[in-house]
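Peer 1: Sequence:
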Amino acid sequence: MMQDYLFFTGINILLAWSVYIVLLTGNLSFAQGAFMAIGCYAAGIMTTRYGVPLAFAVPGAMLLSSAVAVLVGFPALRVRGIYLILVTVGMTFCVRIALENIAYTGGVEGLKGMSGTRLWHLGAAIVVVGLLLFLLSRSPLQRILDGVREDDRVAASLGINLTYVKLLAFGIGAAVAGLAGALYGHYLIFVRPDNFDILVSIFVVLYVILGGVNNMWGPLLGATVMTLLPEFIRALQDWRPTMFGLAIIVMLLLRPEGLLKFREPSVRWRGDAGR
Numbered sequence: 001m002m003q004d005y006l007f008f009t010g011i012n013i014l015l016a017w018s019v020y021i022v023l024l025t026g027n028l029s030f031a032q033g034a035f036m037a038i039g040c041y042a043a044g045i046m047t048t049r050y051g052v053p054l055a056f057a058v059p060g061a062m063l064l065s066s067a068v069a070v071l072v073g074f075p076a077l078r079v080r081g082i083y084l085i086l087v088t089v090g091m092t093f094c095v096r097i098a099l100e101n102i103a104y105t106g107g108v109e110g111l112k113g114m115s116g117t118r119l120w121h122l123g124a125a126i127v128v129v130g131l132l133l134f135l136l137s138r139s140p141l142q143r144i145l146d147g148v149r150e151d152d153r154v155a156a157s158l159g160i161n162l163t164y165v166k167l168l169a170f171g172i173g174a175a176v177a178g179l180a181g182a183l184y185g186h187y188l189i190f191v192r193p194d195n196f197d198i199l200v201s202i203f204v205v206l207y208v209i210l211g212g213v214n215n216m217w218g219p220l221l222g223a224t225v226m227t228l229l230p231e232f233i234r235a236l237q238d239w240r241p242t243m244f245g246l247a248i249i250v251m252l253l254l255r256p257e258g259l260l261k262f263r264e265p266s267v268r269w270r271g272d273a274g275r
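Mapping to the working numbering: the sequence shown position 38 is 38, numbers consecutive.
Mixed in with the good hints, there may be bad ones.
Now the in silico label distances, taken between C-beta atoms and shown as ranges [what the hints assert, rightly or not]: (1) L158 <-> L132: 21 to 31 Å; (2) Y104 <-> R153: 38 to 48 Å; (3) D151 <-> L6: 37 to 47 Å.
I should point out that these hints are in silico values taken from the structure, not numbers from a laboratory. Predicted model, so just to flag it, every value in this text is computed and none were measured. Yeah, the Cβ is synthetic: ideal placement off N, Cα and C, and Gly gets one too.
Produce the complete structure using the sequences and hints provided.
Peer 2: Structure (structure tokens):
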């Protein structure tokens, strides 16, 4: 039982980081559940129907999720704010409906026969993704992302290709969500399209908001707390959506920047501090 708690916490950490990567450019995506589904089904079909080892199926699923994100993101990222959110929400519904109506993916009956994920696989994935995000926060690329997020018009005037940077973040975020989906499906053995409904994407965004959007540790904390708390307090399980709503209201009133609101210093700031 404890292993299941740890596993689902780890999956939610990866999903929260996938949203955080998109947020680095100032965009918000509610399509991470869709990218998770694409990764899950892609890896599942490769391993169950074509005998591809899980070690090769996971990168393939990540690549497919990223490719779909880039194809959808190229026109979608030209809009902003609520319009981009609506596009990503619509994509989540489209992916679920497609999975329910395509016989090749199992339709409403789902996909079964997957196996192979161990807890240490998920732990290794979290360590690798976390290390890459840590290195990113100490790299010059972080300054470019900061510029795009804070004022994309000024960033464009400095010669930054906004489309490329936003698509890069969108694609990498989708790849991380695809990674989570591939590991998720091969742990549960059986999945259905309703495992990836819009609530998955909504909860993941709430993890990031509650934990804090200014650094990589906020999403990790938010996902951990909001996954484990209902599990250890059984009475809260049936009230999970209500609990999330109350938590959001309290956080907006008392700590609008999240539990961890500090921002990682950029390379330039650290260099100036040493002068």
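Peer 1: Of the hints given before, which are not true for this structure?
Peer 2: Structure breaks no hint.
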